[in-house]
Amino acid sequence: MAYVELKAPPEPAGLIGEIVADMTALAQGMSVTLRHMMQKPVTMQYPEERPNLPDRHRGRHELERHENGLEKCVGCELCALACPAKAIFVEGAENPPEAPFSIGERYAKTYVVNMIRCIFCGFCVEACPTEALQLKRVFELADYSRQSMIYTKDMLLAPAHKKEPEDSWLPG
Amino acid sequence: MSDLLALINWNIVLAIVTSFIKAFVIVNLLLAAFAYMTLTERKVMGRMQVRYGPNRVGPFGLLQPIADGIKLAFKEDITPSQANIWVHTIAPILSLAPALIIFAVIPIGPSTWVFNQPWTWYIANINVGFLYATAIASLGVYGIVLAGWASNNKYSLLGGLRASAQMISYELAQGLAALTVVVMAGSINLYEIVEQQNRAYIPFGLFPVVGWIAFAVYLVAGIAESNRAPFDLPEAEGELGAGFHTEYSGFKWSMFFMAEYVNMINISALSIVLFLGGWWPAVGLWTGYPGLDGIIGPVIFVLKLAAFMFFFIWLRSTFPRLRYDRLMNLGWKFLFPLALGNLVLTAIIVALWPRGLWPFI
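The listed protein sequences correspond, in order, to chains A and B. If you count by the numbering used here, then the first sequence holds residues 1 to 172, one letter each, in order. If you count by the numbering used here, then the second sequence holds residues 1 to 361, one letter each, in order.
Any given hint might turn out to be false.
What the hints assert, rightly or not - Distance condition first, Cα-Cα at most 30 Å in a straight line; then the derived BS3-like pairs of lysine-lysine:
#1 B:K333 with A:K7
#2 A:K40 with B:K43
#3 A:K72 with A:K86
#4 A:K109 with A:K40
#5 A:K109 with A:K86
#6 A:K109 with A:K136
Claimed, not checked - Residues from chain A shown here face chain B by an in silico Cβ test under 7 Å; the list is partial:
#7 M30
#8 H36
#9 Q39
#10 P41
#11 V42
None of these hints come from the bench; they were simulated from the model. We treat Cβ as the ideally placed atom computed from N, Cα and C, and that holds for glycine.
Work the whole structure out from these sequences, hints included.
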């Protein structure tokens with residue numbers, strides 16, 4: 001960006017001097033607009049051109065998994081407590097030992113984020129003790145109904161990795 | 001029957017038919033120019049604000065004016081319940097019609113011969129062409145004042161009053177500046193004025209000092225006359241909520257919009273005819289072949305017109321609106337005396353100029 005240095009104009013001498021000073025000021029103003037016309041517009045052509053968002057951009061929630069495919073979330077409900085907008089609802093349950101969902105004793109049976117309420121403050125991420133909850137760089141969250149703005153656990157959960165038995169360090 | 005046919009002067013019939021066709025073409029060209037002027041303005045102003053203008057409808061946004069036109073045509077045409085319906089309806093027509101008919105007298109190219117028939121680049125070459133243009137241009141103020149009054153809205157009324165005061169004030173300076181040219185050319189026939197500049201080898205607007213002053217005054221007054229920024233007080237969005245056309249919507253509103261842009265074209269065309277030598281090419285001379293000159297002339301005229309239109313847009317995106325008292329001060333205390341003094345000076349110069357000496361032949 002080009003900035004024009006503003007200087008106090010010298011006292012114009014007489015009518016002619018005043019006219020000349022005024023004309024110079026007008027020409028200066030017009031040169032500014034002309035210079036800006038030569039610049040490349042800063043507009044991003046959005047749907048075709050994608051924004052390069054920073055890594056820590058706070059967008060859509062995602063529930064992460066361990067490398068073995070088990071959920072990181074242990075259903076502690078700290079995210080729901082931390083949420084100032086009361087957008088998160090978590091219902092924890094005992095982890096079935098024969099087919100565990102998470103690595104802990106408990107897991108999130110229900111995990112719902114109301115995206116209409118969410119203010120994307122990231123307090124839930126800070127509160128999460130297992131780093132299960134992340135705010136991703138996905139920002140195109142608009143939809144047509146209130147119902148569709150309520151994100152359930154299967155929508156929030158990261159896609160499962162291929163479970164490889166030799167990687168598994170869990171009992172069973 | 002054959003006796004009756006023999007009575008008809010076919011040359012006159014041909015002239016009338018040609019004039020009708022020309023008028024039809026000119027009106028349509030003016031409205032097309034208006035449509036694409038809105039797009040150009042939005043694009044150029046966009047670039048001056050370091051953004052793209054409209055570029056979604058069609059390639060480079062070229063179909064945007066058509067989309068806008070369809071939108072405006074289908075919008076609800078609201079007349080306020082307390083408004084004077086007749087005046088409210090007539091006002092936009094009164095505003096647009098004078099703007100469209102001024103172009104009848106503007107010559108955009110030299111008269112030539114096409115297939116051994118005379119061809120002229122104007123619709124009417126009347127001897128009082130300049131007077132006609134000035135008189136019709138000042139009719140445009142009625143449309144605006146009546147629109148402001150008929151809307152029964154205080155902001156509209158204020159806009160209309162501002163418009164009348166502004167246009168009447170600036171008409172004086174504008175007329176006096178143009179009279180300078182009339183004195184130099186010794187004619188108020190617009191074609192003759194251009195021919196005089198052609199013969200003198202210098203456009204009147206570039207004639208040292210008196211020409212420069214007259215041109216500058218005419219340009220400033222012309223911008224004020226067409227109610228364009230920075231003199232757009234009648235429709236000041238921030239203060240009056242669009243001023244005289246607050247209560248207009250749909251097609252009636254777009255007629256005011258058309259009138260504004262066609263007036264811009266008229267002011268530019270008149271400036272070119274009076275001050276910049278009309279179709280006279282700024283660089284190079286005529287080819288000497290009348291047919292070829294007859295084609296180059298209008299092209300040069302249109303190029304000059306485009307430069308003027310760009311200048312109008314440039315001004316709009318640069319300068320803030322004038323305060324009302326400053327507008328009046330500029331018109332009455334600066335431009336008017338300047339134009340008057342300049343006219344007297346020009347008259348003295350022309351009277352004392354030796355006969356037969358360039359540029360006053």
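Structure-based check of all given hints:
For the proposed pair B:K333 and A:K7, the alpha carbon gap of about 29 Å is at most 30 Å, so the pair holds. Distance restraint check for A:K40 and B:K43: the Cα-Cα separation of roughly 13 Å lies within the 30 Å cut-off, and the hinted pair is therefore satisfied. This hinted pair checks out: A:K72 and A:K86 have alpha carbons roughly 22 Å apart, not beyond 30 Å. Pair hint A:K109 plus A:K40 does not hold up; C-alpha atoms about 52 Å apart against a cutoff of 30 Å.
Restraint check: the Cα-Cα separation between A:K109 and A:K86 comes to about 18 Å, which is no more than 30 Å; the hinted pair holds. Taking the CA atoms of A:K109 and A:K136, the gap is near 22 Å; set against the 30 Å cutoff, the hint holds. Using the Cβ-Cβ criterion of 7 Å, the hint placing A:M30 at the interface with chain B is satisfied: the shortest such distance is roughly 5 Å. Taking 7 Å as the C-beta cut-off, the interface hint given for A:H36 holds, the closest approach to chain B being about 5 Å.
Nearest Cβ of chain B to the Cβ of A:Q39: about 5 Å, under the 7 Å cut. The hint holds. Checking A:P41 against chain B by beta carbon gives a least distance of about 5 Å; that is within 7 Å, so the hint holds. Interface restraint check for A:V42: the shortest CB-CB distance to chain B comes to about 5 Å, inside 7 Å, so the restraint holds.
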